[in-house]
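*Asks:* Next come the chains, spelled out residue by residue.
There are 2 protein chains.
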Amino acid sequence: MKHAAILIIIALCLFWGCKGQTDNQTDGLLVLKEQGSFSVGGTIIQNPGTYDANKFDNFKPYPDGQTFHGDHAYVFYQIPDNSRKYPLVFLHGAGQSARTWETTADGREGFQNIFSRRRFSTYLVDQPRRGKAGRSTVAATIEPIADEQMWYEIFRIGIWPNYFDNVQFPRDKKSLENFFRQMTPNTGGFDANVITNSMVELFNKIGQGILITHSQGGLPGWFAGVKSSNVKAIVSYEPGTYLFPEGELPEPITGRTGVLSGIEIPMADFKKLTQIPIVLYFGDNIGKEVSNDLGAENWRTRLALGRLFVEAINRHGGDATLVELPEIGIYGNTHFLMSDLNNIEIADLLSDWMKEKGLD
Amino acid sequence: MKHAAILIIIALCLFWGCKGQTDNQTDGLLVLKEQGSFSVGGTIIQNPGTYDANKFDNFKPYPDGQTFHGDHAYVFYQIPDNSRKYPLVFLHGAGQSARTWETTADGREGFQNIFSRRRFSTYLVDQPRRGKAGRSTVAATIEPIADEQMWYEIFRIGIWPNYFDNVQFPRDKKSLENFFRQMTPNTGGFDANVITNSMVELFNKIGQGILITHSQGGLPGWFAGVKSSNVKAIVSYEPGTYLFPEGELPEPITGRTGVLSGIEIPMADFKKLTQIPIVLYFGDNIGKEVSNDLGAENWRTRLALGRLFVEAINRHGGDATLVELPEIGIYGNTHFLMSDLNNIEIADLLSDWMKEKGLD
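These protein sequences, in sequence, are chains A and B. All residue numbers for the first sequence refer to UniProt numbering, where the first residue is 1 and numbers rise by one. All residue numbers for the second sequence refer to UniProt numbering, where the first residue is 1 and numbers rise by one.
Among the hints, a few may not be true.
Which copy is meant is left open, so a pair is good if it fits within one copy or across any two.
[What the hints assert, rightly or not] With a straight-line Cα cutoff of 20 Å, these simulated PhoX-like cross-link-like pairs (lysine-lysine) come out:
1. Lys272 <-> Lys288
2. Lys205 <-> Lys173
3. Lys60 <-> Lys173
4. Lys272 <-> Lys60
5. Lys174 <-> Lys205
6. Lys288 <-> Lys355
7. Lys85 <-> Lys33
8. Lys232 <-> Lys355
9. Lys227 <-> Lys33
10. Lys205 <-> Lys55
11. Lys232 <-> Lys272
12. Lys33 <-> Lys174
13. Lys288 <-> Lys173
Honestly, the hints are just simulated from the structure, not real lab data.
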């Protein structure tokens, strides 16, 4: 009897111990098998001439015969213990970096931690010419132009200086400041091809995985799905624009923030996107009709074109879903669904979808 | 007997299980209690005028009444399970970012992982106007000027295109390419005060810790030691320049790469640096005499001034040590000691020093 009692106690301890090592979700510890960073993709400028170390004057550049490596992406990855089959690759949007997926503006866990705890390997990208991947093969001028009230509205936090009544964004001053400080500029012009190439190289390197994009990252994401057979699914949070097959390009859609067009690609390429499951998520406070609200307008057009994209995918035999969160009873999401106050609920939706598609 | 055997087996399993949770060094798993990122420091530009959302023309900026948050640092942190008393704060050098401390160019673990496995909390900084902390309150123009052969020499990998015979740098082409791709540009002019302020704010936020700097990060590191009583020790890998008390500034030292001066500060400020243990490490292939080798020359002067700095600290009652690695039998280190082929040995030196100083 005494032995049996000790056995039970030890067995319980053992159970908790093993849980700590294999299940990241329940006990608070993140247990990683591996983490690190690397560059992927990019090109090399070889300047003509011959390098001569004698041409040196107080670090003034003499490019003769020298090289410049640029236009690569930077990737930080974490592989949890006992990880699931497909890694998740995260590509940020305009003016952002991999930070988009890290700690939220009010200090909660972002998708990096949430999905690591769910035992997915995560690959967080700084796209070429952004963040830690700053060496660009094209020049740029960066100026401190005050623009944050515009982004506040475009990102659907509210109508400055007010918050939307139902907004899933923290209302304290410090959180808004943190949110603004997440932005980081282009160090060279945005080039969807350059970004796509780096994403294709990333999937060449890591093998099959699921691509998760946000906003402006949507377009290079679709291109990566066309160009890499290792992209097994695409999840897109409020993408900027879309691909359509040749001859099926919808009329451009006009709104207060501009004229939105899709991009035509050969049918054979478009068909690649019909071979993988695709899901798009859109948040709240997006205009149903034309209005004067920048955020409502900007995403009204992008949502409308997204509906046509999903129709085109499915018309050609694909499996695309567009989720408008208010229509399933989830209200108040900004453009940054993955860091909103209800981001666990948003992550749960994604987990459910991956499970449904046999991707987890 | 049967019960006893089962008990032993379960006890062994339990032992391994517990080890997996609490000792990061021996079993390959990184066990983290917490990880995340945040901004710290920085300023806000408030543009005069009134924000008007009607002034919108295809994302052309109308700064009237808008704000711009910039000049903060970006910090990524990891707190291992059962972490040691003092966190380590890592500040990179010129043209670099926090990547400096992550995976090495040939794919080995950098100081981030090495010291996390040794149960130190790590805080990796992208300094203001660099990497993910790109929003700068001053403008910058970034051009793709080929300069890598110069850096190859300045960083003491060899004399282009040759490697130093004893160099602790991987000799394959891919590693060199990865190394070049670690660089990322300033998105605003280097400003030691701006960086110092963000480091002081970081130590305000996290409390007492050990500051580890590399190269150009050395100078804001010394200033942070003066300005924040939470800096309990400074470790500096090949710092760029140094502080001296008023009236004790050494003569500038001239070399092929420029004229190197220290910076004068009030004695009361300098005395702050005599209250904490300080260690400087320098690698190999640094010139003993004047030569034509850019790398040997650049670090000959900075090492010489470093000796005078250490003398000044100790003359005023402090505890500073300068370690020239070849003098203790460690050869071939480049300017990037912490990612060289022998970086475990370099990390061991630091661990020993922290132990000796009662810092671990």
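*Asks:* Does each hint hold? Answer for all of them.
*Replies:* Verification of the supplied hints:
In this assembly of identical chains, the alpha carbons of Lys272 and Lys288 never lie at most 20 Å apart, being 31 Å within a copy and 62 Å across copies at closest. For a Cα distance limit of 20 Å, the shortest separation of Lys205 from Lys173 across copies, 17 Å, qualifies, whereas the shortest one inside one copy, 42 Å, does not. With identical chains, the CA atoms of Lys60 and Lys173 are never at most 20 Å apart, being 43 Å at best within one copy and 26 Å at best between copies. Proximity of Lys272 and Lys60 under a CA criterion of 20 Å is satisfied in neither setting, with 49 Å inside one chain copy and 36 Å between copies.
In this assembly of identical chains, the alpha carbons of Lys174 and Lys205 lie at most 20 Å apart only when taken from different copies (14 Å versus 39 Å within one copy). For the homomeric pair Lys288 and Lys355, neither the shortest alpha-carbon distance inside one copy (31 Å) nor that between copies (64 Å) is at most 20 Å. In this assembly of identical chains, the alpha carbons of Lys85 and Lys33 lie at most 20 Å apart only when taken from the same copy (14 Å versus 24 Å across copies). For a Cα distance limit of 20 Å, the shortest separation of Lys232 from Lys355 inside one copy, 14 Å, qualifies, whereas the shortest one across copies, 49 Å, does not.
Taking the shortest Cα distances, Lys227 and Lys33 never come within 20 Å of each other, neither inside one copy (30 Å) nor across copies (39 Å). Taking the shortest alpha-carbon separations for Lys205 and Lys55, neither the intra-copy value of 39 Å nor the inter-copy value of 46 Å comes in at or below 20 Å. In this homomeric assembly, Lys232 and Lys272 come within 20 Å of each other (Cα to Cα) only inside a single copy, at 11 Å, whereas the closest approach across copies is 57 Å. Proximity of Lys33 to Lys174 under the C-alpha cut-off of 20 Å is found in neither arrangement, the shortest distances being 35 Å within a copy and 25 Å between copies.
Taking the closest pair of Cα atoms, Lys288 and Lys173 never come within 20 Å of each other, the shortest separation being 30 Å inside a single copy and 55 Å across copies.
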